[in-house]
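Residue numbers (the numbering used here), protein chains in the order written: chain A, 2 to 111; chain B, 365 to 476.
Read the hints as simulated data drawn from the structure, not as lab findings. C-beta: ideal position from N, C-alpha, C; glycine also. Just so you know, not all the hints are guaranteed correct.
Here are the simulated distance ranges between beta carbons [stated by the list, open to error]:
1. B:N441 / A:P40: 27 to 35 angstroms
2. A:Q15 / B:T373: 31 to 39 angstroms
3. A:R59 / B:G380: 47 to 55 angstroms
4. B:Q382 / A:P9: 24 to 32 angstroms
5. B:N441 / A:T67: 36 to 44 angstroms
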Amino acid sequence: GIQVEQSPPDLILQEGANSTLRCNFSDSVNNLQWFHQNPWGQLINLFYIPSGTKQNGRLSATTVATERYSLLYISSSQTTDSGVYFCAVGVQGGSEKLVFGKGTKLTVNP
Amino acid sequence: ETGVTQSPTHLIKTRGQQVTLRCSSQSGHNTVSWYQQALGQGPQFIFQYYREEENGRGNFPPRFSGLQFPNYSSELNVNALELDDSALYLCAGGGSGANVLTFGAGSRLTVL
C-alpha cells in the first residue's frame with residue numbers, strides 16, 4: 002500500500018518563528034489533506050490539496066504531485082499552533098480511505 | 365463544533381469484554397469512517413460505511429464491526445477486547461462527492 006512519511010517528527014519553536022513541515026508519499030494520489038490534532042485529540046482539517054498551492058491566513062500548503070511531496074508552511078507561529086500535524090493521502094478521491102503519516106509534533110513556546 | 369459527535373469520550377474495559385462506541389453525524393454526511401489511533405501514531409483506517417453497508421475495510425480482524433443507521437448515526441463494536449485495542453477511536457463523516465472528512469473528537473478506550 003501507499004506509504005506516507007512526515008518530517009521532522011518533532012519541532013520546537015519560539016512564538017513568532019516560521020516553519021515548514023514536509024510530507025512524502027510513495028504513489029500517485031487523488032486526495033491529500035493536512036490536519037491539525039489539538040492536545041485533546043480533535044482532528045481539524047486544514048487543507049484539501051492534492052495539487053497546487055493554497056493559503057489560509059498564516060498557513061499555506063503546496064503539493065507537487067509529480068514529485069510526490071507536500072509542504073505545510075506556518076508563519077508567525079503562535080502557542081495555539083501547538084499540536085500534531087498530520088498529512089493524509091487517498092488514491093481514489095472523495096471521502097474514502099485515508100492513509101495517515103505519523104505526524105509532526107509542533108511545540109510553540111511563548 | 366465539527367458536526368460529528370462521539371460518545372463516550374473516555375471508557376475503561378477489561379480484556380475479553382465487548383465495547384460499543386457511538387458516532388452522530390450531521391445530515392449530508394452519507395459516509396462514515398472509523399479510525400484507530402494508537403498513542404504516538406497516525407490514525408489507521410478501520411472501515412467505512414455508505415448507505416448502511418460496509419464500503420471498504422482496513423487491516424482489522426472481524427471482531428471489529430460496525431453499523432450505520434438512516435439517521436446519520438453509527439456504531440463501532442469491538443468484541444473480545446485485547447490490550448492492544450487501547451487507543452483513540454475516531455469517527456469521520458463525509459458527503460457524497462465531498463473530498464474533506466470531518467472528524468469527531470474521539471473516544472479514548474483503555475483496555476486493562
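(request) Provide an ascending list of the numbers of those earlier hints which the structure does not satisfy. (result) 4
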